[in-house]
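The task is simple: from the sequences and hints, build the whole structure.
So the protein lines, in turn, are chains A and B.
Residue numbers for the first sequence follow this note's numbering, so the first one is 4 and each next one is one higher.
Residue numbers for the second sequence follow this note's numbering, so the first one is 62 and each next one is one higher.
Please note that a few of the clues may not be correct.
Claimed, not checked - Derived DEER-like restraints, expressed as beta-carbon distance ranges:
1. Arg32/A to Ile230/B: 32 to 42 Å
2. Leu153/A to Asp313/B: 49 to 59 Å
3. Thr63/B to Val65/A: 52 to 62 Å
4. Gln112/B to Ser117/A: 39 to 49 Å
Claimed, not checked - Just a sample of chain B residues kept apart from chain A, beta carbon distances all over 10 Å, derived:
5. Met62
6. Glu65
7. Asp105
8. Ile108
9. Thr120
10. Asp133
11. Pro135
12. Lys158
13. Ser187
14. Ile201
15. His220
16. Val226
17. His228
18. Ile251
19. Thr260
20. Leu296
No wet-lab data here; the hints were simulated from the structure.
The beta-carbon is built from N, C-alpha and C at its ideal position, and this holds for glycine as well.
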Amino acid sequence: MIAVDIISDGLFAAVAAMGFGSISDPPMRAFPYIAILAAVGHAARYCLMTFLGVDIVSASLVAAFIIGTGSVWFGRKVFCPMTVLYIPALLPMVPGTYAYKTVFSLIMFFQEISSPTKGSEYLQEMIFNGAVSFSVLFMLAVGATVPVFLLRERANSMTRGSKFI
Amino acid sequence: MTQEHMTEIANFLARYLSYMLGSGVHTSRVVRNSKRIGAALGVDVSIHTSQKTATLTVTDSECLFFKTRVVDIPAFPISFEWNADLSALSWAACDEKMSLEAIERKFAEITAKPRMNPVFVLFMVSLANASFCRLFGGDIWAMLITFTATMIGFFTRQHLTKRKVNHYIVFIVSAFVASICASSSLALGIDTAEIALATSVLYLVPGVPLINGLIDITDGHIQIGISRIVNAFMLIICIAIGMSVTLMLVKDSLL
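What follows is the structure, given as structure tokens:
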């Protein structure tokens, strides 16, 4: 049952990454690798959060680092810069529900602005959700960029000798 | 090297870097690629970039002549295919010692390639948002509603963009359309209606400028990095405005 959960999590993340990636018009040859990276990254985050009890921010950092490192390796195979592979793969990890709750509590704060107890409750909720969604977004970008600094030579010659131009 | 040849090189490099910056490539890559092409053609290139314009100076090896150009950066839709292929072009120019004419021909070939079929993109995005809904714990009905809402919302976005409506208005309207469609799940009494509502607008999140901005800042191109992030935050605020109109309308059934 646990294995089914992990696999289905990765599968849906892969579909989400390919779909959101297609808005930015990636080359066709990149799609399989975007899917693999997204599936591995999201499943890793799911495992960390569910089985090891890691918080969402640190788990996102680790998952983004895995995706970034994977994109160094795969990028050489399909002659794509790392960003082409890892940006779509990161998108399924965007903290959507937290972002939604931030907006929702802000709206409710305006509605309850005259009632001090309810209003401050919503304001508190807004700051809580806003802090989580901002930190996760930030950690996603940082985690995926760190491999670029560690493997600079390789990361900068990813498209050398491309057969696709 | 004649002055005319240097002017031709400067003109080509100006076009090359404006296309790359316009289609959403992070700055340090653009600078590196342009310098690489310049080195292959025997000139030094220095570039200053900002959000809407870029300045480049092409100098010959003896520093006798230089050509400076200021170029406007056109607003292309983001294209990873250009990112990959134009980067590969700079390596090809460097490794195969291509002439300027050959590079220009390849450049025209790459930029003339058609984009992905919009109907295919529409389908893929809807599918993606539906699986996103599943990742957040939505059930099959919530997924179906998200799929439909995204399809209608993204269709609106594609058509407004085609009509060249201001992109802030495009974001507000499509966020509103997608979320109002998703709010039908509240009326239908689906258990995970709130998740459907929350995910329906996520196809609009400007992930590429956000991450590019952070990459630029860590690479030291702080000004353009901040511009990109501010730009992305403006779009996120627009999504929030569009969605809050829906929330105002349906908030009683959400509490």
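Cross-check of the supplied hints:
1. Checking the proposed 32 to 42 Å range against Arg32/A and Ile230/B shows it holds: the Cβ atoms sit about 36 Å from each other.
2. The hint said 49 to 59 Å for the Cβ distance between Leu153/A and Asp313/B, and at roughly 52 Å that hint holds.
3. A C-beta distance of roughly 56 Å is found between Thr63/B and Val65/A, which places it inside the suggested range of 52 to 62 Å.
4. Between Gln112/B and Ser117/A the beta carbons are some 41 Å apart, a value that agrees with the proposed interval 39 to 49 Å.
5. Every beta carbon of chain A lies more than 10 Å from that of Met62/B, the smallest distance being close to 26 Å; the non-interface claim holds.
6. The non-interface label for Glu65/B is consistent with chain A: the shortest C-beta to C-beta separation is roughly 27 Å, beyond 10 Å.
7. For Asp105/B, the shortest C-beta to C-beta distance to chain A comes to about 19 Å, beyond the 10 Å cut-off, and the non-interface label holds.
8. In this structure Ile108/B is separated from chain A by more than 10 Å, as the shortest Cβ-Cβ distance comes to about 17 Å.
9. Listed as outside the interface, Thr120/B is consistent with that label: its C-beta sits roughly 23 Å from the nearest C-beta of chain A, beyond the 10 Å cut-off.
10. Interface exclusion of Asp133/B from chain A stands, the closest Cβ pair being 22 Å apart, more than 10 Å.
11. Once the 10 Å rule is applied to beta carbons, Pro135/B is consistent with being away from chain A; the minimum gap is 16 Å.
12. With a cut of 10 Å on Cβ distances, Lys158/B stays outside the contact zone with chain A, its closest approach being about 14 Å.
13. For Ser187/B, the requirement that its beta carbon stay farther than 10 Å from each beta carbon of chain A is not met, with the minimum near 7 Å.
14. The beta carbon of Ile201/B sits about 12 Å from the closest Cβ of chain A, which is more than 10 Å, so the claim that it is off the interface holds.
15. Taking the minimum C-beta to C-beta distance to chain A, about 15 Å, the non-interface status of His220/B holds against the 10 Å cut.
16. Against chain A, the non-interface label of Val226/B holds: every CB pair exceeds 10 Å, the least being about 18 Å.
17. Distance to chain A confirms His228/B as a non-interface residue, since its nearest Cβ pair spans about 14 Å, more than 10 Å.
18. Every CB of chain A lies more than 10 Å from the CB of Ile251/B, the least distance being 16 Å, so the non-interface label holds.
19. Consistency note on Thr260/B: stated as away from chain A, yet its beta-carbon is not over 10 Å from all of that chain's, at 6 Å minimum.
20. Every CB of chain A is more than 10 Å from the CB of Leu296/B (nearest about 13 Å), matching its label as outside the interface.
Of the numbered hints given earlier, the model fails hints 13 and 19; all others are met.
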